[in-house]
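J.: Residue-level listing of the chains:
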Amino acid sequence: MTTLTQKLTREEVAKLEIGHTDIHHGLATALVVTFVAFISAPGAFQVAWEQAAYTRGDRATRRPQCVEIFLRVRTARDAWRQNPGISVIRRLQNANAALLREMHEYEDRLENESIFAGALRRPAQYVLTAVLGVGNEKSYCGYRPWLFYRPDVDHVIRRGFLDRAQLAARASSGTEWRASPQPNPVPAIVDFRDQLAERGIQLVVLPVPVKPMLHPDALFAGAKHYPRYNSSWAEFLEALRSRGVMVFDATPCLAEHRAANRDAFLKTDTHWTSEAMQRIARELATFLRQNGLVTEQNGIKATERVVSVEGTGDLVTMLQLPEHAHAYPTESVKIRQIVGSRGEVWRPDSKAEILLLGDSFANIYSLDALGWGASAGFAEQLSFELGMPLDVIAINDNGAYATRDQLARELKRGRDRLAGKKVVIYEFAARELSDGDWRMIPLKLETPPARRFITPPKGQAWRVRATVLAIAPVPLPGTVPYKDHVVAVHLGDVRAEGEVIQGGEALCYFLSMKDHEWTRAARWRNGEEIEIILRPWSDVAASYEGINRSELDDEELQWAEPYWGELPPRTVFRR
Amino acid sequence: MVFSSHIFLFYFLPVALLLYYSAPRRFRHFTLTILSYIFYGWTNPIFVLLLLVSTLIDYVCGLVIAFEGWRWRGEPPILAENTPRKSVQKAAVIASTCSNLSLLGFFKYFNFAVGNLNALAAWLGLPGLDVAFKVTLPLGISFYTFQSMSYTLDVYRGHARALKNFVDFACYVSMYSQLVAGPIIRFEEVADQFRRRDHTVTKFARGVAFFTMGLSKKILLANPCGKIADLVFGAAGAGPLEAWWGVLAYAFQIYFDFSGYSDMAIGLGLMMGFVFAKNFDSPYLAQSITEFWRRWHISLSTWLRDYLYIPLGGNRKGPARTYINLAVVMLLGGLWHGAAWNFVVWGALHGVLLAAERARGKTSLYGNLPPILRRALTFLFVLISWVFFRSPDLTAAIRYLGTMCGIVSVPPNAVMLKGLVYQPYYLLTMAIAALITWGAPQTWDWTRQISGWKALVIILLFVISAAVLATQAYNPFIYFIF
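Chains Z and E, in that order, are what the protein sequence lines are. Just so you know, we're using my numbering here: the first sequence kicks off at 742 and counts up by one. Just so you know, we're using my numbering here: the second sequence kicks off at 372 and counts up by one.
Worth flagging that the hints you see were computed from the coordinates, not collected in a lab. Misleading hints may appear alongside valid ones.
Stretch-level coverage of chain Z by chain E, calculated; a stretch enters the list once three of its residues show a Cβ under 8 Å from a Cβ in chain E [to be verified]:
1. 834-841
2. 844-851
3. 892-901
Ranges between beta-carbon positions, derived for each pair [said to hold, decoys possible]:
4. E:Gly605 <-> Z:Val988: 23 to 29 Å
5. E:Gly476 <-> Z:Ser914: 20 to 26 Å
6. E:Asn536 <-> Z:Thr775: 33 to 39 Å
7. Z:Val788 <-> E:Gly605: 36 to 42 Å
8. E:Asp816 <-> Z:Val829: 42 to 48 Å
9. Z:Thr775 <-> E:Gly605: 36 to 42 Å
The calculated DMTMM-like cross-link candidates involving lysine to aspartate or glutamate, where the alpha carbons are at most 20 Å apart (straight line), are [said to hold, decoys possible]:
10. Z:Lys1163 <-> Z:Glu1307
11. E:Lys733 <-> E:Asp816
12. E:Lys789 <-> Z:Glu1151
13. E:Lys825 <-> Z:Glu758
14. Z:Lys756 <-> E:Asp563
15. Z:Lys756 <-> E:Glu728
16. Z:Lys756 <-> E:Asp816
17. Z:Lys1153 <-> Z:Glu1286
18. Z:Lys1153 <-> Z:Glu939
19. Z:Lys1185 <-> Z:Glu1292
20. Z:Lys1153 <-> Z:Asp935
21. Z:Lys1224 <-> Z:Glu1270
22. E:Lys505 <-> Z:Glu917
23. Z:Lys1224 <-> Z:Asp1157
24. Z:Lys1162 <-> Z:Asp932
25. Z:Lys1224 <-> Z:Glu1051
26. Z:Lys1224 <-> Z:Glu753
27. E:Lys789 <-> Z:Asp958
28. Z:Lys1224 <-> Z:Asp1138
29. Z:Lys1092 <-> Z:Glu1151
30. Z:Lys756 <-> E:Asp569
31. E:Lys825 <-> Z:Asp763
32. E:Lys733 <-> E:Glu662
33. Z:Lys1075 <-> Z:Glu1126
34. E:Lys535 <-> E:Glu446
35. Z:Lys1162 <-> Z:Glu939
36. Z:Lys1092 <-> Z:Asp1157
37. Z:Lys1075 <-> Z:Glu1045
38. E:Lys479 <-> Z:Glu1126
39. Z:Lys1224 <-> Z:Glu1258
Beta carbons: idealized from backbone N, C-alpha and C, even for Gly.
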C-alpha cells in the first residue's frame, strides 16, 4: 500500500481517501441537514423577527436588514458623481472607499443586531469570564473584582507612544475609508497652545493617568511598584515643558493618594474615585494659584453635600455579561456634590475666566448618564476649590481631539467661546497619548453667512417631517466605555404643518444610544423620511453636551446652528 | 470576508449552497464564479477588476498555447510533453508568467522597494524618491497569481488540457473556498474535476466535518493563542519566560489559523463536489527541517519545487548548485510571505538548514538522537524562526531573540504581562493546543470514519465555535496578508 501511495499524486491520494469516508448514509444525511439548518436558521429567524417588529411598529420598513446592502450601493454611486472634475481613477477610488465604508458598517450591524448572536454572546461571555477568568477585547480581568480597560493596559505595557516605529505604524494605520490618525501629541498640543496664546490665553495641560498606572498589582500581584508610566512619558513631558507648555502632572498626586491605602480608581470602572478626583482638583487649584493664573477669588455661592451613590462600572457593561448574572458587585461611592444656596445643581458659566476641556474623567460624577451621580464632577470640584465659576466643554472619549474640535466648531459658527477667557485647562486620559488622533485643529472665529438652514424660533418645539441626507457613524453598543451617545444628522426638506418651516435643511443631534441600546435614530439610513420634534440645541445643551457625540465631516454644516431632535412614538414613516 | 465571520457563516454560505445546488448543472460554475467574485470583492471591491484582468490574461495565454494543432474544434488537446514548442507558445507562456509576476511584484513589493531605496539614499546622503501614493496589497494576490500561473505552465508543459470555457477557468482561479489563503490548487491536479465531479451526501458530510474542525481550530485555538502572541510581541518588553510563551503561542496560532483555514477550504470544496489535497501533515511532528517542509503548507512547497526549484536545475547540477537552488527557493519563499527583511531572514534560515540537511543526505544535523529529541530540536528551530516571521521588523526580531536568551534588559512594566498571558483561559487553550498538536489525529484521519458520536462532536463544536465567535471582535487570518 505504501509503495502504491508513493506513486500517486497528492490529489490522487486525496480522492482515494475522500472516496473512503466511512459513514452511514442516514447519518451523513442527518449531519448535512443539521449543519444546513444551523447555518440557515439565524438568517431566517432574523428576517421573521424583523417582520414581526415591523408589524408591531418598531421597524420602519418591511425590507429585511440583510438586503440593505443593495441600497447602500447608492452611496458609491453618489461618491462617483460628487466630483466630476477629478480624474476617473480618483473618482473610482472615492466610490470604492464609500462602498467599503458602507459594507463594513452593514456587516457590523448585521452581526450586532443579530438575535442569534445576541442570544449566544452573553452566556458565552459569562462562561469565559466567570469560569475561565478572561475578559474580552475591551475589558481585561484583574484580580476579582478589578477590571481594566484594554487601551489603558496597552498604553502602559506597549512601546512608547513617541517611539519612531510606533508613530510610523500609527500614521499608516488608516484604511481606504478611514483616515490615519495624527499620532504625535506634541505638535498638536504646542499648536493649540500657540493659538490660545494669540488671544492671550494660557493653556494648562492635564493628562489624567489611567488605572493600570496606579493599580498594576490588581492585574498581577508581582507588579507592586507604582506609578507605572509609558516609556515615552518622560520624553513627552520634557518636549512640552521645553516648548513652554504648562503641564500639570496628576500622577504623583494620585500615587500619594494610593500610598495612603486609598483606591485611586473604581474597581469595575475606567475612572478615578471621587476622593482621588477631589484631591487632583485641590492640587490643580493650588497649582493655578501658585503660577499666578488665578489672581483673585471672585467667590461663588456654593455649598458641599456628601451623598452615596451605587453603580456598576462601565467595564462590567463592556464585558456584555447576562443582565442578571451579578458576576461583579455594585460599588458604593461617596461623592461631594457642589450645589447652590437653594440646592440647585452646579452649572458651567460661559462668562467664566477659565474654560475646562475634558473627557469622561471630567464627566463622571457630573453627568448623570454615566451612572455615578451628578453635580460632583471634576469641574464642580475645581470650581469649588478655586471659588470661581468655570466654563466647561466635556465630551466622553476621544479626548485627543473631541473637545478641541467642539471649541473650533463653536468659533466657526460665530460663538466666541473663548471671549473673556484667561486660562484653558485641557484634560484628557493618558491613554489618548498612545491611541488618540492628535489632529491639528485651527481655532478661527468666523461670522456665519446666511445659509439655507432653517431657523425656528427659540424656546419652542416643532413637530416636523424631514429626509435624512447624512448621518454620522454610531458606535456599536458594548464596544465603547459609555452607555449613551449622540449622533449628528443632516436633515433636508424639513417641513412643518402650518408652513412655519418649509423645505429647508438642518443639522440636528439625536440620542443614538441609550443605556447601551441603539435608538431608532441609530438605524436611520440616508434618504429615509422621518417625523421628529425639533428644539434649538442651546435649550438642551446643558443636558446633552457632555455625552459623546459623533459629527459629520461636511464643512458647510459647521456653519449651521444645531438643533436637538426627539422621536415621538410611532413616527417613522412607512413606505 | 473571512470564513469565521457571522456574515459568511449565516448569510453567505447558506445562500451560496442554495444557489449552487439550485442552479442547473451547466450553470454551476458560473454561479460559483459570481459568488466567488462577491466574496473577494467584499474585502475591497476595486480589486475584483485586478482578479478579472489577471484571469483574462492567463485564459488567453492558455488558449494561445493550446491553439497549435487544435483550431477550436472539440476539446483542446494535451500538448506532447517532450516536443519543442513554437515561438508563439513560448511568447504566451512568457507573457503569462511576466504579467503574473509583474502584478505580484508591483502590488506586493513596490512599497518595500521604495522604502529600501529611500533608506539607501538617506545612507548615501542623496535625496529619496518622493512617491505620493502607497500601494494597497490586494487580498490573496500571492495565492491566486501562483495558482493562475500554474495553469499556463501546466498547459505549456503538456501536463494538462487548456480550458476552452472562460467561466470554468474563472471559476478555477477565483473559487472562494481557497482564493485568498490557499491551499494553492495546481491546475493539473483539479483539471478533470472541472469537467466532471460527483456530488454525494457522503462527500458533503465529510465536508461539514472538515469545515467544522477548521472553524473550531480557528476560533477556539488560534484566536486565543493569537491574543497571547499579540500581547507579548506588542509589548515594550517582556521577561524571558513570557517571550518564550509568546512565541510558543504564535507557533500554535499560525498552525491552527492556517491549517484551520485549509480544513475549512477543503470542507467547502467537498460541499461543492471538489476534492483538494492535504495542505498540512502535522508539521510540528517533523524530525528535520526537510521533513517540516514536507508537512507545512504542502501546496506552496510543492509549487515552489515544481515551478522554481526543478526549473532552476534542482539537484541535477551537482551538490553546490543544489544548495544554491535550495537557498534561492527558500529566500524567495520567505519573500513570498511578506515584503520585509525579516521574512527574507526567515526564509534564509530555513534555506541554510535545508541545504545543510541535504548535504547530510536529507537527514537532520541531529539525526543520531532519539526521535523525540529530533522532534524537539526541529520544533525549537521552527519556533526561533517564527520570531522573524511575527516581529514587525528585523530590529524587533533580534531584540525579541535577545529577550528569549535573557540578554536584553527587561523594562519594569513587563511584569504586568504575567497578569494577562497566564490567565486560566489562556493556560487551558495552550494546553489543549499542545495536546492536539502532538497527540491528536489530523482532521484528515479523524474524519475518515464518522460515527454517531463523532457527528455529535462535530455539531457540538460548531455550536461552541459560533457562541465564542459571538464574543470575539478579534478574528484575524494571518495568511490573508500574504
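J.: Which earlier hints can't be squared with this structure?
T.: 8, 10, 11, 12, 15, 21, 23, 26 and 38
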